[in-house]
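Asks: Chain by chain, the residues run as shown.
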Amino acid sequence: MLTDLLGIPPQVLFGQLMLGLINGAFYAVLSLGLAVIFGLLNIVNFAHGAFYMLGAFATIFITQYLGIGYWGALIVAPLVVGAFGAVIEYFLLRRLTGVDHLYGLLLTFGLALVIEGTFVKMFGASGVPYPVPEQLAGGVNLGFMFLPWYRAWVVVASVAICIATWLLFERTKIGAYLRAGTENPKLLQAFGVNVPLLTTLAYGYGVALAAFAGVLVAPITQVSPLMGSNLIIVVFAVVVIGGMGSIMGAVVTGLAMGVIEGLTRVFWPEASATVIFMVMAIVLVLRPAGLFGKTA
Amino acid sequence: MNTKVNEKELGGSHVSERIRELRIQDLHAFYGEGHALHGIDMTVYRGELVTLLGRNGSGRTTTLRSIVGLIGRRTGSIMLKGEEIINASPHVIAHMGVGYCPEERGIFSSLNVEENLMLPPKVADGGMSVEELYEMFPNLAERRKSPGMRLSGGEQQMLAMARILRTGANVLLLDEITEGLAPVIVDKLAEVLIELKNRGYTVVLVEQNFRFAAPLADRHFIMDHGDVAEIIHKDELDTKKHVFDEYLSV
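Top to bottom, those sequences are chains X and W.
Sequential numbering of the first sequence, starting at 2, is according to the working numbering.
Sequential numbering of the second sequence, starting at 633, is according to the working numbering.
Wrong hints could be hidden among the right ones.
Listed next, with one range per pair, are the computed distances between beta-carbon atoms [stated by the list, open to error]:
#	chain 1	residue 1	chain 2	residue 2	range
1	X	I164	W	S741	22 to 28 Å
2	W	K777	X	V129	51 to 57 Å
3	X	V286	W	G708	31 to 37 Å
4	X	V88	W	E862	36 to 42 Å
5	X	I234	W	G704	56 to 62 Å
6	X	K174	W	G704	25 to 31 Å
7	X	M279	W	K777	39 to 45 Å
8	X	L287	W	G714	56 to 62 Å
9	W	E862	X	G99	55 to 61 Å
10	X	R172	W	E827	30 to 36 Å
11	W	V762	X	T222	48 to 54 Å
12	W	R782	X	Y66	53 to 59 Å
Quick list of in silico lysine-lysine cross-link-like pairs, PhoX-like style, CA-CA up to 25 Å [stated by the list, open to error]:
#	chain 1	residue 1	chain 2	residue 2
13	X	K174	W	K777
14	X	K295	W	K754
15	W	K820	X	K187
16	X	K174	W	K754
17	X	K174	X	K295
18	X	K187	W	K866
Think of the hints as simulated: they come from the structure by calculation, not from any bench.
Even for Gly, the Cβ is constructed at its ideal location relative to N, Cα and C.
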């Protein structure tokens with residue numbers, strides 16, 4: 002067997018592959034949200050990590066105060082956080098239409114600091130645990146590795162939301178509006194499409210995707226105010242590799258980078274934290290628009 | 633509410649009751665610090681086909697873009713079907729029955745022909761059906777699944793026209809639709825414009841190809857330095873030839 006040849010126990014290899022796939026699933030959902038937002042708003046949404054964190058905290062609040070549990074939170078948290086994102090777009094980001102991208106980046110960076118700072122003040126920086134839903138407790142022994150049900154669910158749910166988003170963009174009228182709006186929003190509006198409303202909804206949807214990832218991650222990590230800021234830099238690298246604004250690029254690259262990171266952890270552990278950035282540097286040199294991005 | 637007026641036709645000798653579809657008064661438009669339109673006055677009646685003629689930079693495209701709301705800063709008055717639209721958003725103006733065909737055609741590269749065709753929402757009843765449009769532009773029917781940017785220039789222009797005819801818009805703003813096209817395509821577009829005129833559409837056509845525009849239009853607005861310099865009725869083409877020579881010759 003390959004694993005014997007390499008002198009690596011299969012449990013270690015497949016365990017890391019599974020971990021990589023799970024990380025990749027989070028990268029995919031988060032970078033998908035960033036791609037949706039960048040595509041229509043041309044804004045590098047630095048607050049994305051904060052919205053991811055809000056999704057995780059919303060899961061805790063919804064369970065504690067509404068009593069509808071994890072499954073309800075999976076729907077309600079993205080809706081609530083997405084609506085919050087739409088409000089932010091309507092009252093803040095819209096004012097930056099037509100100005101340099103840098104202003105959007107600075108505003109969202111500031112927003113992230115305010116949101117995360119507020120939560121650190123309220124809940125501390127150490128984090129709060131959230132239990133795995135009882136329906137998904139335990140796992141299955143596959144012979145070569147132990148697969149926890151919840152982790153399998155994370156991959157399935159992430160892939161499902163990515164496919165749903167792809168279908169939304171490629172097979173629906175609203176998707177056609179979003180694609181056209183990415184190319185020429187002014188002309189689209191001159192055709193009678195309410196582009197400002199479309200933009201608000203797109204931002205809200207991108208934020209809701211971040212919150213969805215936050216709900217998924219809540220049972221497998223400590224929910225802490227800074228959990229998003231730790232992840233967001235990697236996610237930005239994934240978006241750059243995939244191609245800014247590319248839906249397909251975000252999903253494929255997200256999953257692939259998670260797996261590459263996992264494999265690197267097996268074969269060259271010291272490089273596992275930087276391998277994605279090395280790939281990003283190589284891609285930027287060879288194909289500046291990203292693997293799936295359109296060259297100007 | 634539409635405004636009915638008794639007005640002597642410009643350049644003509646008879647008086648007729650006509651409906652003002654578009655009335656522009658003292659329109660100024662600005663690009664940043666640049667002052668592009670200098671107080672345009674213009675009235676277009678329902679069912680008319682008028683041209684905006686002039687050299688590059690005379691303000692023809694800016695006039696169309698001002699009407700559809702794509703110029704950020706404009707002052708004056710634009711009345712469309714009796715309603716003031718100077719401060720209206722582009723999507724609101726479109727839903728008043730305006731179809732805009734931009735100079736660069738505006739075909740979306742990420743959409744195929746059929747998606748481009750079906751993209752603009754219906755803005756009024758009475759738009760042409762997809763079957764009618766494919767009959768009018770058979771090339772589009774053959775290439776309905778092709779990506780928009782794989783089309784030839786002529787096919788892109790046909791798609792840009794077909795796209796707004798499906799929406800039910802009855803005021804068409806067409807910018808340089810013959811630019812760079814083969815004569816056979818230009819002839820086809822002339823046929824289409826005649827058909828649209830017969831169906832009662834109101835058309836404002838920005839053109840440089842005077843030979844194309846002359847036999848189609850009811851009136852010609854000659855533009856120069858961001859203003860209307862002359863208005864020439866179709867009956868005056870021969871007697872006012874010197875005006876065309878003065879403003880349109882290079």
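Asks: Hints numbered earlier in the text: which of these fail when held up against the supplied structure?
Replies: 3, 4, 5, 9, 14, 15 and 18
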